[in-house]
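2 protein chains.
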Amino acid sequence: MQLFKLATGELPNEISDIRKTTMATNITWHDNLTHNERADLRKQKGVTVWLTGLSASGKSTIACVLEQYLLQKGVNAYRLDGDNVRFGLNKDLGFSEADRNENIRRISEVAKLFTDSCCITLTSFISPYKQDRDSARELHEKDNLPFVEVYVDVPIEVAEQRDPKGLYKKAREGIIKEFTGISAPYEAPEAPEIHLKNYEGKSAEDSANEIIEYLVSKNYI
Amino acid sequence: MQLFKLATGELPNEISDIRKTTMATNITWHDNLTHNERADLRKQKGVTVWLTGLSASGKSTIACVLEQYLLQKGVNAYRLDGDNVRFGLNKDLGFSEADRNENIRRISEVAKLFTDSCCITLTSFISPYKQDRDSARELHEKDNLPFVEVYVDVPIEVAEQRDPKGLYKKAREGIIKEFTGISAPYEAPEAPEIHLKNYEGKSAEDSANEIIEYLVSKNYI
Numbered sequence: 001m002q003l004f005k006l007a008t009g010e011l012p013n014e015i016s017d018i019r020k021t022t023m024a025t026n027i028t029w030h031d032n033l034t035h036n037e038r039a040d041l042r043k044q045k046g047v048t049v050w051l052t053g054l055s056a057s058g059k060s061t062i063a064c065v066l067e068q069y070l071l072q073k074g075v076n077a078y079r080l081d082g083d084n085v086r087f088g089l090n091k092d093l094g095f096s097e098a099d100r101n102e103n104i105r106r107i108s109e110v111a112k113l114f115t116d117s118c119c120i121t122l123t124s125f126i127s128p129y130k131q132d133r134d135s136a137r138e139l140h141e142k143d144n145l146p147f148v149e150v151y152v153d154v155p156i157e158v159a160e161q162r163d164p165k166g167l168y169k170k171a172r173e174g175i176i177k178e179f180t181g182i183s184a185p186y187e188a189p190e191a192p193e194i195h196l197k198n199y200e201g202k203s204a205e206d207s208a209n210e211i212i213e214y215l216v217s218k219n220y221i
Numbered sequence: 001m002q003l004f005k006l007a008t009g010e011l012p013n014e015i016s017d018i019r020k021t022t023m024a025t026n027i028t029w030h031d032n033l034t035h036n037e038r039a040d041l042r043k044q045k046g047v048t049v050w051l052t053g054l055s056a057s058g059k060s061t062i063a064c065v066l067e068q069y070l071l072q073k074g075v076n077a078y079r080l081d082g083d084n085v086r087f088g089l090n091k092d093l094g095f096s097e098a099d100r101n102e103n104i105r106r107i108s109e110v111a112k113l114f115t116d117s118c119c120i121t122l123t124s125f126i127s128p129y130k131q132d133r134d135s136a137r138e139l140h141e142k143d144n145l146p147f148v149e150v151y152v153d154v155p156i157e158v159a160e161q162r163d164p165k166g167l168y169k170k171a172r173e174g175i176i177k178e179f180t181g182i183s184a185p186y187e188a189p190e191a192p193e194i195h196l197k198n199y200e201g202k203s204a205e206d207s208a209n210e211i212i213e214y215l216v217s218k219n220y221i
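Sequences listed follow chains A and B, in order. The first sequence: position 83 = 83 (our numbering), numbered continuously. The second sequence: position 131 = 131 (our numbering), numbered continuously.
Note that these hints are calculated values from the structure, not bench results. This one's a predicted model, so the numbers in the text were calculated from it and none came from an experiment. Do not take every clue at face value.
Note: identical chains are not told apart, hence a pair may lie in one copy or across any two.
Listed next, the in silico DSS-like pairs over lysine-lysine satisfying Cα-Cα at most 25 Å (straight line) [claimed, not checked]:
id, residue 1, residue 2
1, K91, K142
2, K43, K73
3, K165, K197
4, K130, K197
Go ahead and model the full structure; you've got the sequences and the hints to work with.
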């Protein structure tokens with residue numbers, strides 16, 4: 001057993017005692033921590049908050065607000081979305097049915113790892129198919145990891161009116177094929193934990209607040 | 001802007017004020033937090049600690065000790081290994097050369113996500129090929145995320161002597177084909193950040209201590 005060498009410099013407060021201590025010898029090391037053991041150590045539970053909804057429904061904006069709010073409150077949170085998944089982990093995948101399924105499967109698995117690590121894991125993907133979302137839920141619940149489905153609901157007319165990236169226009173023109181809500185189905189959740197009606201003057205902060213209220217009411221945070 | 005409804009029950013201290021506050025209105029929400037912005041909020045940096053070495057070199061045990069030590073010190077840490085990756089995210093992959101490459105590629109991408117989330121990310125995979133490890137490093141460094149290669153070095157004779165799962169025996173008998181160190185190459189790192197000689201009476205705690213000393217010396221923790 002070695003003593004830590006003391007180094008100079010400033011450490012974050014919560015871990016400032018690392019340099020002053022040796023590793024405890026009376027700890028039983030487990031091969032694998034259970035999520036509950038980890039949650040006790042981290043003083044935080046993990047939960048996957050799965051946002052689903054049409055393109056331009058506001059999923060990413062809500063997730064973004066929620067993530068930054070939680071981080072500012074000292075809660076570990078992370079957002080998985082197209083920006084950091086489609087161009088990295090899933091860059092080998094296209095838009096065939098098989099590839100779309102594999103896209104959601106991998107996202108589900110990665111979300112589960114983050115949640116196991118005691119993170120409030122926010123996923124914002126259209127995820128239009130009930131079966132994919134149910135598979136994501138099943139993957140979590142079989143290992144007793146919580147999964148919260150959030151339906152970010154806007155009428156298609158509202159989404160098409162917003163159209164911040166011009167995607168609906170391209171879909172109407174036939175430039176984009178199989179576009180959810182126009183030329184491909186969106187299977188709305190039947191019994192989501194949270195049903196946000198994210199329109200008629202409601203802000204992303206309002207919707208984020210509804211999610212936080214839910215997470216607090218369930219003692220996830 | 002809605003007020004949070006007050007709910008009953010106990011919250012972890014660090015987030016106990018969530019119920020007492022409204023969401024601040026003076027915050028600029030960024031579409032994507034940079035890692036440095038996130039690290040400032042989390043008061044913790046992320047780093048991928050990539051352990052490489054022969055089967056039975058002690059990678060997983062060291063990672064396990066290190067993870068639990070960090071968690072007990074209040075540091076967010078998570079371990080990616082065969083148990084939570086091979087049977088989940090990468091369950092569609094076999095052991096062909098292409099699949100082995102894809103296995104390490106996905107692990108690299110997921111490690112990068114965890115590190116971006118400000119986690120001390122521990123990966124324990126044999127990862128015998130220099131090119132794979134270099135790709136993992138490159139993936140991190142192109143986005144200014146730190147990557148620390150840890151060579152868990154034991155002589156093949158020591159690893160074969162330990163053989164806790166009987167894998168070397170099966171490899172010698174030809175039951176397992178292309179086994180690293182026996183019938184497939186292990187390309188030792190030439191310039192790892194940390195070179196652990198994990199034998200001759202050195203314990204997993206000793207090796208974990210060496211890694212912690214390094215992380216402290218570089219201000220990662």
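Do the hints match the structure? See the list:
1. K91 <-> K142: between (28 Å within a copy, 16 Å between copies)
2. K43 <-> K73: Intra 14 Å, inter 12 Å, cutoff 25 Å: intra and inter.
3. K165 <-> K197: within (21 Å within a copy, 54 Å between copies)
4. K130 <-> K197: within (19 Å within a copy, 51 Å between copies)
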